[in-house]
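K.L.:
All chains should be built: construct the whole structure from the sequences, respecting the hints.
Going down the list, the protein sequences come from chains X and D. Numbering-wise, this note's numbering puts 197 at position 197 of the first sequence, and it's gapless, one number per residue. Numbering-wise, this note's numbering puts 1065 at position 65 of the second sequence, and it's gapless, one number per residue.
If you're looking for bench data, these hints aren't it; they were derived computationally from the structure. Backbone N, C-alpha and C define an ideal beta-carbon position, used for all residues, glycine too. Incorrect hints may appear among the rest.
Unchecked claim - Computed, partial: chain X to chain D, Cβ under 8 angstroms:
| no. | residue |
| --- | --- |
| 1 | Asn-6 |
| 2 | Lys-13 |
| 3 | Gly-97 |
| 4 | Ile-107 |
| 5 | Ser-251 |
| 6 | Arg-253 |
Below are the chains, spelled out letter by letter.
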Amino acid sequence: MNSVRNVFAIAGKELRSYFASPMGYILIGLFALLFGMFFRVYLTMFAEQSQRMAMGGGTANVNEMLIRGVFHNVAIIILFIMPMVTMRTYAEEKRSGTIELLLTSPITDLQIILGKFLGAMGLFAAMLVVTAIDIAILFRLGNPELKPVLTGYLGLLLMGGCFLSVGLLISSLTKNQIVAGVMTFAVFLMLWIVNWFADSLGPTGREIVNYLSITEHLDDFTKGILDTKHIVYYASFITFGLFLTAKSVDSERWRG
Amino acid sequence: MIEVQHVTKRYGRVTAVDDVSFRVEKGEILGFLGPNGAGKTTTMRILTGYMPASEGKALIAGYDVFTHPLEAKRRTGYLPETPPLYPDMTVREYLDFVSRIKAVPPAERKTRVTNVMARAHIADMADRHCSKLSKGYRQRVGLAQALIHNPDVLILDEPTAGLDPKQIIETRQLIRSLAGDHTIVLSTHILPEVAQTCQRVVIINKGRVVAVDTPDNLTSRLKGAETMFVQVDAPGADAGGALATIPGVSRVVAADGATPGAFEVESERGTDVRRELARTIVNRGWGLLELRPMRMSLEEIFLQVTTDETAQEPARVAEETQEAAGE
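P.N.:
If you want it as structure tokens, here you go:
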């Protein structure tokens, strides 16, 4: 009970710090803008295609051809936006000395990390909620299926969580939030493009690399499939990231 | 209440704290005195559980800060060297947040926040953002933060640093008023502060404890002999020679400065030669202008125990003394 309260105290503080400065609003606005741009591109493409298909007597699937495409591109937006969400989490506390307050309070490192993670997740969830406006328009004008949209959002949330856990880890390694931001971006980029090499690696290598790629696991979610395999992958990725963050915070403590 | 046992802290090859041990009894104010870089902050960080010791252990209210960190931390309030404020929170929001992570029961939070704000004289800044506070207010918000969960033990790292003279006096009064209910360890490199606020002093230098005692005892203990300052109006007479013949007087030297007739009269420890001095002077018909015991100031003791080459230091200390005297 108490530990849950501690986690929420930290998460609340993190969320408030995003919205106390323009940062939170800028990030949400930027996310909505980029999402909207992808949405617009896919919408035009979808409109053209459905016209063509209508001439042939068929109907184009909104879920398949529009929503899925947009969701896949969210990975690109995350790539640019998430480093800005996580870069200050630990780095700023270390620079300003507030980390001394946290580490000398009767709360555990894990509670602090979970709180920070939940706070960042809260901001990311707010970003996704804003994008729901675009999707809502589709529901108003067409009749897409709801299930792939919901599982798609769940997939995005989980994938975002993976990136956040990596970002948190990198932020815990440095005092300088710019360094944290740049490093996080570089690592995200690597995680994102790792499966580009898949084809050159032969069958076994491809399997492994594809499995490791964060973005590969999103695909089934956007199709409306809830596969435990992918949920387990994302959950263990997040757990591992947060675990490494805990180790990093602890080793910092020993080094002083 | 606080027990530090053979604590050593090494950073790589550098030993920041070397085999430090001391105890603080309940309700006591202990001054932690030492030049910058002596290991004060490191020792305090170990006590508060911010970092573990390389060797030895520290106990707060019987709880080992390393093996039972949560119990120890619940009983400790800590003001680090730089007050750990979040710039984008108001003072009230900040204290509310701290009360949450310090396990203050939800029902008591509001009253605790109001109480500590009154206590630290920051109520007028309650809705101001921490980033907009002056140095003095930041320090006091830091102090309020340390008090919010009514801890048994208060660890204050240079609580008066950066304050103006009036604030320094107020802060010291506040700290003194907290003793009794709270056990306090405060660090400083300003010497008069220790004499004014603390009941006991630990002098630390280069990571080692060089002296532990009350300020008064330290003053007398470190002096081998009693010294009187005497100024007589005895034109033409050998006043110094006459004083030296008084029983109990071991040595008479002319005092520094150009003042004629001023002497430093040393006597054996434990003998009070003041009456004899006065009688002799008056009997000879000289004028007794001044007679006072010379006590070694804390500055001198400090220098004596912390430096090898005293000669290099007085200038710096004199500066600090003036700073402190300006209060």
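K.L.:
So, for every hint listed, does it hold in this structure?
P.N.:
The hints, checked one at a time:
{"no.": "1", "hint": "Asn-6", "result": "holds, 6 angstroms"}
{"no.": "2", "hint": "Lys-13", "result": "holds, 5 angstroms"}
{"no.": "3", "hint": "Gly-97", "result": "holds, 5 angstroms"}
{"no.": "4", "hint": "Ile-107", "result": "holds, 5 angstroms"}
{"no.": "5", "hint": "Ser-251", "result": "violated, 11 angstroms"}
{"no.": "6", "hint": "Arg-253", "result": "holds, 5 angstroms"}
Violated hint: 5 only; the structure is consistent with all others.
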